[in-house]
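Let's have the full structure, built from the sequences with the hints guiding it.
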Amino acid sequence: MDTSSEGQQPRKKHFWNKDKAAKPALSVDDITIVDKAMLKRAVGAAALGNAMEWFDFGVYSFLAVTIGKVFFPGGSPAAQLLATFGAFAAAFLVRPVGGLVFGPLGDRIGRQKVLALTMIMMSIGTFCIGLIPGYNTIGIMAPVLLLLARLLQGFSTGGEYGGAATFIAEYSTDKRRGFMGSWLEFGTLGGYLLGAGLVTGLTAAMPEQALLDWGWRIPFFIAAPLGLFGLYIRLKLEETPAFQKHMEKQEELEHSKPRLTLWEMLKKYRAAMLKCIGLVLLFNVSNYMMTSYMPSYLTGILGLSELSSLLLIMVVMFVMMPLTLFWGHWNDRLGRRPVIWGGAIALIVLAVPCMMLIGTGNLWLVFLGLIILGVIHTCFSGSMPATLPALFSTDIRYSALAIGFNLSVSLFGGTTPLITTWLVEKTGNLLMPAYYLMGAGVIGVITVFTLRETARKPLRGSAPSVGSRAEAQRLVDKLRLRGKKPAPAGK
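Here the sequence shown is numbered in numbering that gives the first Met the number 0, starting from 0 and rising by one per residue.
Everything labelled a hint here was simulated from the structure, so no lab data went into it.
Think of the CB as a built atom: it goes at the ideal place given N, C-alpha and C, for glycine as much as any other residue.
Misleading hints may appear alongside valid ones.
What follows is a set of in silico ranges between Cβ atoms, one per label pair, in the way DEER data are often shown [what the hints assert, rightly or not]:
hint : residue 1 : residue 2 : range
1    : Gln243    : Gln208    : 53 to 59 angstroms
2    : Pro352    : Val318    : 14 to 20 angstroms
3    : Phe325    : Pro352    : 19 to 25 angstroms
4    : Ser467    : Thr359    : 51 to 57 angstroms
5    : Trp213    : Ser467    : 53 to 59 angstroms
6    : Trp262    : Asp34     : 34 to 40 angstroms
Quick look at the structure:
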């Protein structure tokens, strides 16, 4: 079976479809049997890279007010915050460029090699931010260098999430792909909490002037050892079984099938790409509203103390971690579509009430509003890592996912803090973030309507994936009872 072309065939040609007209042979040896130890290492390495990325985002978001004073000292507090988030958003403008570079590279030389490269580049970019002198020392070059470091981070992360999600999805068994993928977002929250916890500790332990002078640099310096550890872990991994089989098939065909150009891929898979963009918009507007905008909103707009704001967000993130795994488990059983759909509808209905609770400034009501938004977001964080890779076939999965994901994040996700800060400042309406969330929810509901369910099914272009040879035999027997005619084992 040509795995590189299978994703282009009509759905009835897949051997796992119930259509009686399609009866390709399937034996136990055709089924991928996942090595459990290698699966755990793959999930851990992918989650660690995502944690590294979000360690930086957590540090940058929680230090946004301080960074604004260091690099943009001439403006008002609102202008400083806007400029800081402008540098934050600039990194997202180059993420599609990173996706265009690393995605095709991952489909050509392998997922593992590219993920090792993105890890070290992310670490370098984060570490460099800690080295940049402030505006009072080198003037306009300070924000310029900050921008360049953020652009390096954005370029490297352009290949990170798509590759990590692809890596876990291709390593996982069909029955537990949702749960295994949810560990990627568990790593996101863990990295964010590590960064936030470090900033919180520094804020509590250091005088404000010391934090402003040099203390803010400490979290960025920690990126270097974290990055080296992550690089070591990723270099120890093997390539995914799905990609190995794809490359073996390509060698058997002597590369007779020409690679699609970028334009050909976008044209041929435009429907899947639009679905990817819609899902990522829903996922990331919710994500960046909570993780990147809220810390500074609570401090800069509502006037809460920095320590109170940090602690509130940290507790919410801590609650979200097990809930992400919870929804990862249940979307394998209930299906991806119902879980994402439920979250999108809840976002539409509850966004305004949540922002009204947060807008009271009462700590308990603020916490309640944040918790509700956090619980809604876990419906997406627990489901998307398995849903997005399933949109594309093996031969173009990394490329398509990296491009679609980063295009959507750049246009809608990473700009969320900047746009909502601007909207609140221009209108004076503190419910603007809620309206933004509602718009994302509407787009999410529409997108889910167009999806086919992929829970407990093989990835496009891949054979079924199970946890043991006995399970593979049971699958073959099950297909035989349905009227399939699998080949004898070993054929």
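Structure-based check of each hint:
no.	hint	in the structure
1	Gln243 <-> Gln208: 53 to 59 angstroms	holds, 56 angstroms
2	Pro352 <-> Val318: 14 to 20 angstroms	holds, 19 angstroms
3	Phe325 <-> Pro352: 19 to 25 angstroms	holds, 23 angstroms
4	Ser467 <-> Thr359: 51 to 57 angstroms	holds, 54 angstroms
5	Trp213 <-> Ser467: 53 to 59 angstroms	holds, 55 angstroms
6	Trp262 <-> Asp34: 34 to 40 angstroms	holds, 38 angstroms
Checked against the numbered hints above, the structure breaks none of them.
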